[in-house]
Amino acid sequence: MKKRRIYYLLLLIILTAFAVWLEPTRIVWGWLGGDAFCDRRPTRWWRTQLETVEVKKLLEHLHIGAGPGDTVLVERRLLEFHELQGVGAWFMTKILRRKLETSARLWGDFLFEDGAQEVLAALQRDPDPAIREKAEALDFERTRPLPPLLPEEEAEMSGKSPRKRSNPFVFEGVAP
Amino acid sequence: MTKRRLLRWSLLLVILAAFAVWLEPTRVVWGRLRGEAFYQGRPTSWWRRELHQPGYLIPVQETIQIGETPNVFQHFVWESTPTWFDALAARFCRNWKAHVRVFDPSDPEANAVVQELLNDSSWTRDVHPAIRILVESGIEANQAKRRRVDAGEAASQARTISLSHPAEDR
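As given, the protein sequences belong to chains H and P, one line each in that order. With the numbering used here, the residue at position 33 of the first sequence is 33, and numbering never jumps. With the numbering used here, the residue at position 100 of the second sequence is 100, and numbering never jumps.
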């Protein structure tokens, strides 16, 4: 009887460990590892989501004079957002029946959530240089200065708390 | 009789042609007739309407190394969302390339269109703030880059002068 109980206990532990290992949100892992959290997701989950971000680099010549050699080199970094591919996406859509968020929407909303700064700071210390670069580019967007208020917005905002930043990467369109 | 018929047919043709130009989705003929600026083969009036459509605002960070410090400038590029046809085609064809339209307000070729958009007071008043910021950010980034380059050049010239005439500095 006692032996059986030990067997069951062992099985339960193994199953729990397996569930934690497979857990797609990585919350338990993050909690165990002392990760920074943002929007109830740990740094390691956000790290996986960085797969959907691409930093495209281009070098361009900026003309500063009339002569053919009067140029300075400009390094252009474009942040491009893609949809999550592979097993993770398959698991989310087919098993959990979740609709995948557009990457641009996910990251645009993430930037101004509480804890984003800590998560990005942790990701900027990642051993993978590609992750560090993406995190750095996103952090730079987080600190992009707010555009000046329109006169009507100014009147609306007087006496109110600072305006909340909307998703800067998605434009929903307007009715014609 | 023949002359009258010819006149009638010509009139009908003119009306139909005018109607076709009015309805033309690309606004190219309309734009040419009105002398509008063009960007990527489309006139300002087409872009004015297009920029009301859903799209992604792709953040761009440009770095110029002037002297010791890198100078970073930011703006946005607008990219249209893929059409339903592109989304469907991408499901069946792995290498399908969606036909997205891109509007880069910092592109020198877009300057004339950007100026026409910003000079149109009804557009700047009614346009969604996100799109106004997109258009303005390109111009502001270009101006800031130019100012920074000019300032860097002036500083390097001043340094050259002071190095070549050390006695005068003292």
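The hints are simulated quantities; they were obtained by calculation from the structure and are not laboratory data. There may be inaccurate statements among the hints.
[Claimed, not checked] Below, a list of computed lysine-lysine pairs in the DSBU-like style, where the Cα atoms sit at most 35 Å apart:
1. Lys56/H - Lys94/H
2. Lys57/H - Lys3/P
3. Lys56/H - Lys97/P
4. Lys97/P - Lys94/H
[Stated by the list, open to error] A few chain P residues that don't get close to chain H, going by computed Cβ distances all over 10 Å:
5. Leu23
6. Arg32
7. Gln61
8. Glu62
9. Trp78
10. Phe92
11. Glu116
12. Asn119
13. Asp120
14. Lys145
15. Arg146
16. Asp150
None of the values given here were measured: they were computed from a predicted structure. We put the beta carbon where it would ideally sit given N, CA and C, even for glycine.
Hint check:
{"no.": "1", "hint": "Lys56/H - Lys94/H", "result": "holds, 31 Å"}
{"no.": "2", "hint": "Lys57/H - Lys3/P", "result": "violated, 66 Å"}
{"no.": "3", "hint": "Lys56/H - Lys97/P", "result": "holds, 18 Å"}
{"no.": "4", "hint": "Lys97/P - Lys94/H", "result": "holds, 25 Å"}
{"no.": "5", "hint": "Leu23", "result": "holds, 15 Å"}
{"no.": "6", "hint": "Arg32", "result": "holds, 23 Å"}
{"no.": "7", "hint": "Gln61", "result": "violated, 4 Å"}
{"no.": "8", "hint": "Glu62", "result": "violated, 5 Å"}
{"no.": "9", "hint": "Trp78", "result": "violated, 7 Å"}
{"no.": "10", "hint": "Phe92", "result": "holds, 16 Å"}
{"no.": "11", "hint": "Glu116", "result": "holds, 19 Å"}
{"no.": "12", "hint": "Asn119", "result": "holds, 18 Å"}
{"no.": "13", "hint": "Asp120", "result": "holds, 16 Å"}
{"no.": "14", "hint": "Lys145", "result": "violated, 6 Å"}
{"no.": "15", "hint": "Arg146", "result": "violated, 8 Å"}
{"no.": "16", "hint": "Asp150", "result": "violated, 8 Å"}
Of the numbered hints given earlier, the model fails hints 2, 7, 8, 9, 14, 15, 16; all others are met.
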